[in-house]
Structures are given as structure tokens and as C-alpha cells.
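**Q** First to last, the sequence lines map onto chains A, B and C. As numbered in the working numbering, residues 1 to 336 make up the first sequence, in order. As numbered in the working numbering, residues 1 to 335 make up the second sequence, in order. As numbered in the working numbering, residues 1 to 302 make up the third sequence, in order.
Everything labelled a hint here was simulated from the structure, so no lab data went into it. These numbers were taken from a predicted model, which means no experiment stands behind them. This list has only true hints and no planted wrong ones.
BS3-like mimics (lysine-lysine), calculated; alpha carbons at most 30 Å apart, straight line:
#1 Lys270/B <-> Lys36/A
#2 Lys207/A <-> Lys36/A
#3 Lys268/B <-> Lys36/A
#4 Lys36/A <-> Lys269/B
#5 Lys268/B <-> Lys208/A
#6 Lys200/B <-> Lys258/A
#7 Lys270/B <-> Lys208/A
#8 Lys269/B <-> Lys144/A
Residues of chain A placed beyond 10 Å of chain B at every Cβ, according to the derived structure:
#9 Glu22
#10 Lys95
#11 Leu108
#12 Gly127
#13 Arg135
#14 Glu140
#15 Lys144
#16 Glu151
Not the full set, but computed from the structure, chain A residues with beta-carbon under 8 Å of chain B:
#17 Ser47
#18 Gly164
#19 Asn220
#20 Glu226
#21 Gly259
#22 Leu260
#23 Ser263
#24 Leu264
#25 Gly266
#26 Ile277
Don't be surprised by glycine CBs; every beta carbon is placed ideally from N, CA and C.
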Amino acid sequence: MMTMSEDLLRIEDLVVQYETEEGIVQAVDNVNLTVKRGEVMGLVGESGCGKSTLALSIMGLLARPMGRIVSGHIFLEDVDLVGLSQDELRKIRGKSISMIFQDPTASLNPVFTVGEQLVEAFKAHEGKIDAEEARARAVEILRKVGISDPETRLSQYPHEFSGGMKQRAMIAIGLANNPLMLIADEPTTNLDVTIQAQILELMRALKKEFDSSILIITHNLGVVAELADRVGVMYAGRMAEVGTADQIFHDPVHPYTKGLISSLPGFKSRSDRLPIIPGRVPNLVRPPPGCRFHPRCTYASDRCSREECKGQIVEGRFIACHTALRMLEEAAGDQV
Amino acid sequence: MSGKTLIEVKGLKKYFPVEAGFFKRKVADLKAVDDVSFTINKGESLGLVGESGCGKTTVGRCVLRLIEPTEGQVVFEGDDITKLEKKELQEYRSRMQLIFQDPYSSLNPRLTVGDIITEPLLIHGLAEKKEINDRIRRLMLDVGLSPSHSKRYPHEFSGGQKQRISIARALSVVPSFVVADEPVAALDMSIRAQILNLMKDLQDKYDLTYLIISHDLTVIKHMCSRIMVMYLGNLVEVAGRESLFSRPYHPYSFALISAVPIPDPLIKKKRIILTGDVPAPINPPSGCKFHPRCPYAKDICSEEAPRFQEIERGHFVACHFASDLEPPEGSIVEF
Amino acid sequence: MGEVTEEGGLFAEEEGLQMYQTQWDRFKLVVRRLWKNKAAVLGFFVVVFLVMFCVLAPYIAPYSPLKLNIPERLQPPSMSHLLGTDQFGRDILSRLLYGGRLSLGVGIISVVLGLIPGVLLGLSSGFLRGNVDAAIMRGVDIMMALPSILLALLIVTVLGPGLINTMIAVGIGGIPSMIRLVRGKVLSIRETEYIEAARSIGANDWRIMIRHILPNCAAPIIVVATLRLPSAIIMAASLSFIGLGAQAPTPEWGAMLASGRHFLTTSWWICTFPGLAIFLAVLGLNMFGDGLRDALDPKLKS
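Make the full structure from the sequences, and use the hints.
**A** See the structure below:
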């Protein structure tokens, strides 16, 4: 009998705003997302789509007072993270959910050794810990993330690590307390492609070894295709489409997703001129009315400029597009 | 396509002295570019690909003489421009231009777009004052910008538009040769396609020759007909696009091509993972610089640097065992 | 909406509107930020009022600032002499108003005098580097080794007392710090890509310095100049106080302080009002200058 639900993380109708000098930005606008236990969920989108804001909201790390969660819920195993105090959030951060960031150089403290930072991760959640035991655990986890000669590396400083190794160290710190979920925000974007390959292999291996779910946030569709079981596509603060990796890459339904995938350069059957999505990402202080993608959408109807599509789940996929939903309905109707 | 040689680079070297100690004595050389030779044909798009520290950006700058080569020769349209004085070089500046990587920092925030685009014209005396407005108009239309925005400042534009401004600036003097250094790396995915298409259109319209520098193989593959792979200051392989991707010869090329993540979850490849990190060009390894990370390295590789040889027509590689090696099964997926 | 070009670049008035800042908007943004800073606003108005009164001195001063009136000497503030009279019977208010023109004017002119050589030398030093830089920086080091008041003293001693020489002395005193500031900014700017771009299109050194680098230094220069004003005013007043600046009977505030100091305990008004005026001017300028620096700093979010 399953006492634990399959869903580890449930984001419901989340709204997050930023106050900027130019006005209020709806960085995350009524987003729904679930991440199951043990799965890798990819979150893709371009700059300004809100994916990083979403991640920071989950961790309770929004820059206050400019950013705040206006409404909605983030359920981690039935506990709503929204509305928890900073103290309570701190207990969860690093223990139940960890996050690793794009630039490991900025996230690792240059004045502490890597070993010290690892042990601090242990201590933050376990209080007193035996020094010997801490050291052994630290060595073990460095080994698991593929850092050779971990005993020596423990007493080295971040600047003595290369870019790829720093990222591994970050992953080690993230996994130190065997979290339920690891959020990785652009984990390989700053890395050279051969090092990125190493890290992707590592993450694939770790996926098997640790039970954690992974929420990987990136704009690199190739990375997502490699790692993710399911993928969510965000645009201008809203969720456009969610489906399995296979569905998203082979049968995308939302016009934005379709446009994105077909505009990637260098892949098979790309002709001399790439198909493009005209225009550009909207200004989130004054977003277009109705569907935020409609000014750039070749399928846009009149309704799209007036009414935002809240989205429906059709055959296990979430789709937020009037036209796409209508076409699916018609197709289903035809089959009857 | 005339196949005429536009640029010849011979034996290019760029060493940066590394100083240490109180008296700032030179202790070593950072060999950013260590004997690189190639030609660029008129009308072609030549790609230069490699990871950080390989020297590709330095090569681009040296060809334009924005950085002075330590050794070597750059011959542009038949003229040796390597040792020219500033004044004489000035004339060539209008024939070769550079598009920068970062649209956010390559435009002077205090100048209007119109000023930025036409400054090269004014410097080289290529347009009369009264023609300027017309030129602004035409250039902006060429790159897909509205001429009504010519009095605005760079920060008012998006990243993609800024890159268009950058391109317009380079094109204002109608150069024959353009170096594009990571032209789309800083841009969003949906904008990359727009800019790459624009570059191709402009190449047709203005009969441009491109040297495209990038770490992104997908961009290089899309844009370039011929590709040079660079590692730690040296060219390791040069080939036509089809030739390189269907049959690479250098182990580093295997790894590089294999490393590209493919946006197709059903394609599983047995990726080649190189051990170790991308090394820095100070104190490079002896012999073949790639040997410490090469799965096929033998003794000779650490003793002797391999020569560049033509292994197939138009396909060159620098590896002692080039003719014996093949990419491992399943590691290279056609993408 | 707008045209879509073949490349798909969507451009339209809407697009322009979506980018929300023209140069005018930027200016408004700075003003808005300043407005939020109450201290800066207060400082601004204090200074504006002072300047206004001094500019209007010929029209609103009740008496001539120089006219002696011995019978009415040492009168405390009254209806006929709002701020009292000094030991020569001269109306303090009138002297204050006319004196302000000198004190404030000397401050402004000295800052401007120091600005131009400071900026040019800073530009050259930072951009050209090498021997030029080394020479200029040694000069700056030497000048900065002396306390600025001492430096001003030296110059005035050499040139002789008087208001004009005071302006020169105070102006020169501000040059080293301006050079350092500009040089620092130039050093960071010269490594940017748009400077490299300028070189790649063939711009020569001079063009790069004046057209590309200088406009990007404008903000810190303005801030430093504004913040230098109060010190310039105090220095000019100090020089006058010790008798090297404005000479009697010029109603400069510092000179007024000097002439009134014997009467501090008996006729407090002679010193107090000029002192208060200096204090207000300096405080106002400092508050405004601080606010201006914060408002112009692009990194600071409200």
C-alpha cells in the first residue's frame, strides 16, 4: 500500500512578482508543475521566462523585498513551503532540497577549503558531528562525484579546482545530505563542451545512485534531452507545455515549443535558412494582453490576443494554447 | 564562389609573457597561438572551433591586427599587413571588420545607434555628411532594424537587436572580410536563428567572407563550409563540413563532436568522455599537446609534435596515428 | 502592428515603446531617484535658496554692503537691521547676500578651473599609460602628499592674496583627486569591448579618448565636482579667514568670520550668521552630492 504519494513537489497556481524601477514584473504567472519522486524534470525557456525565479521561489531564496510570492502553493511532500518562516525554510534548504547554480566560482566561498564547505553542509542540518566521521563522509561524496584523490582535494581551496571540478564540488555539497530534490540551475552552461559532457555523464550516474529527484533548469535543449524524463517549457512567466521528453521533442504541440525546437542550428534536416520565431521576448512590465506569445505566433487567433489560455491536461500532457487544444479536440473528434 | 585566396596566415604565433616576482621578470610564455597557418578563400565561411583557452579568439584578433602577432605573417588580398605602420594599416581597417561576442558591452552606451553605425564611415572618409542619414537608413533596414530608432541608445534595444547594430556597424564600410567572434553565444535560442539567417543573407548580399569563431559546434556546423578545430594554440584538424562530421580523424575532434548534446531523447550515444580538464596554455604538454588526455596516446606523442598532413583531399589532421584511428562505435551520431 | 522583415525581425512603434527608456526617460529616472532621497531634496533646495538670494542681492539687500555707518555699529538684530550690524555699522544681511556671491562663486569657479586640467590629464594618464601615465601619477602623488589647505596656502603665498588667486589655489588643489578619479574610470573603460570595437573600425587615440571614453566618465565626474564644491567653499573661506583670500572690506563669508571673531562673546551675530551660511551651503551641497551619486549609480536599485 503506497503511503507516500508519487508526487514529491507540487507547485500550484504560483504567482511571483518583482518590483523594479520600471514597475511590477510578473515573473511567474500562475504556474503549475509537479515533480515525481526519482524523476528528472527539465525546465526550459529563454531569458526572462521565469524558470530561475521559480527555482528561487521553491528554495525561498527570492531577493527580498523586491521579489515576493504573491499567491499559490509549493507543496513539498504535503508541506506548503509558501508561508513558512525563514527558520523553517532554512531547515529544508540543503537537507530536503538543495540547489546548485550556474557559476560555481561565485557559489563556492573562496576563503574556505572545499572540505570545510562540505562539512558545513553536514553540520547545518545535523548539528554536532564527529570530525572523523565528517571527513570520511566528505571524502566519500567527493569520490562519488568523480573527483580523483579526494583526500588531498578536501584541504584545497576552490581556486585550486578547475571549472569542471568546481561544479562537481558544488554537486557534492548539494547531495551531501541526501536531499529529496536537487535543483540545478544552468549547471553546465558555463562549462566547456567536453567538460559539460563529463558533468552530464556524472549526473546520469548520480541519478541512478541517489534517489533524489532533479529539477534541471536550462536553456540548452540538448542537455535537457539527455537528462530529463519530463520537460516543462516556460515562456514569459507562464508554463506553455509540459510533457515527457519524447513528447516535447518529437511531438511538440505548443507553437512556442515547436518554433524553438525547429530553430536549433546544426542539426539534421536543417536547411540553409533556419525557421525562426519572429519578434522577441516581451517586456514583462507591460506584457501583451491575452496570451503572452501571441504577437509572435503564426497560429494566433483573435481569442489569443484577448484571453490567456489557462491550460489543460490532455493525455497526460499540460498544454496552454487555445489553438493547439482545439486542434487536438478536433483530431480526437475525427477519430471517434 | 571564386575560390580565390583572400587571406593567408603563415606561422602565426602569439605569446604573452608571464611575469612574476618583484622585478616582474618574465618566467614563462603563455603560448596562446603556437604556429598556426591557414588560408581563407573569398566568399567562404570558415569556422574556427575550440574550447576555452585554445587561442581561437586570439587568432581572430591577430588576423585583424588588433593584437600584434609575436611571429608569423598575415597576407590580406595579396598584401602583407603584418608589419604595417598604424597609418598604412588604417586603409585596411575598412576592408576587414569584427563582430563581437557580447552585444551588451560592444556598443558605446553614450552614442546613438545612428552614430555608432556610421562612425566607421566618418573615420575613413567614405561618406559625405549629407549622405549619412541615407546610409543609416539603408544599413538599419539591411539588418532588420527600424530606421526610426536611429536616435536611440543601445540600452533601449534587446540583445538580438544590439547584435544587429553591431553587424550594421561592421557592414557600414562594406568590408570584404568579417570576423565573427561568438556572434550568437550571448543570445537567446529563438534569437540565434534570426541572427544566423541574417548573417547568411548579408553574406549573399554583400559578398562577404566570414571567419566564424565559436565554441558551439552546432553553430559552426550550420554556418561554415570549412572548419578548423583548435586545441591549446594549435590547429589539430581542418576539413570541409561534411568531411569533418562524417569522418573526423583527430581524437580531440572525436570527443568534441561526441560531446555535443543532441536534442533528441531517443538518441543514445556512447559518448567519449575525455579525462582531465581543459588545460591552460601556460606550460603546455610536450610533443602533441593533446597527449595527456588522448585515449590513444603512445610514447611518440609525448616526444614529438605531429605534423599537419593532408589525409584526404582538403582534409588535414595533426596526429601521429591519424590513418589508424577511427571514432569508437556509437560515439558519433550524425546530427 | 508593424512590418515583419524577411528575417522576421519584428519592429514597430510598439517595439520602441516596449523598450522603456529614452535619454529623457533616463534623466527622469535619475530625478525620480533623487526625489526619493529626502536628504538630497532638502540639500538641493537649501542650496537653491542660498544661490537665489545671493544672485538677487542687488535687488533685495536693504543696504549697501560696504557703506560705513559708525553710529549704528554693533547693533543686535532688529527690525531695521534684520541680522544686526558689524563693528563698522555695516548691515550684516546685506553683506551676507553680497558675500554669498563671492563665496559661492569662488567655490564654483575653482571647481571648474580644476576640472578641465584634471579631466584631460586623467584621460591621458589612464588611456595612454606608459611614461605619460607614470609622469602624471608622480606629480599627483607629490601634490597629494601635501594637505590641500597647505597646498592652497603655498600657491596663494606665491601669487599673493586676493580673491582671484584664491580661486586658482583652490582650483589647483582639486586637480590631483580628479586626475585619480578619471584615470581609474578610464582604466576600467578602456578594457571594454566597445573600445576595442572603436579600434577595430580605425579610430585613433584622440577620437577614442574624447568621443568614447570621456562621455562614459561623465557621471562620476559630475558627482565628484558636486561634492568638491563644499570643500572648495570652506577652503576659500579659510583662506580669507587667515587673511590670504578676500581682502577687507570685501564681504566674503570667511572674511566676515575673521573680522568678527573679536566680538564673538559680545556681538555674537557678526560671526554667527556668516558661519551659519557656510554651514548651510556646505551641508546642503554634501547632502545633494551624496544623493546624486546614489541616483546616478546604475547598480543601486531602489
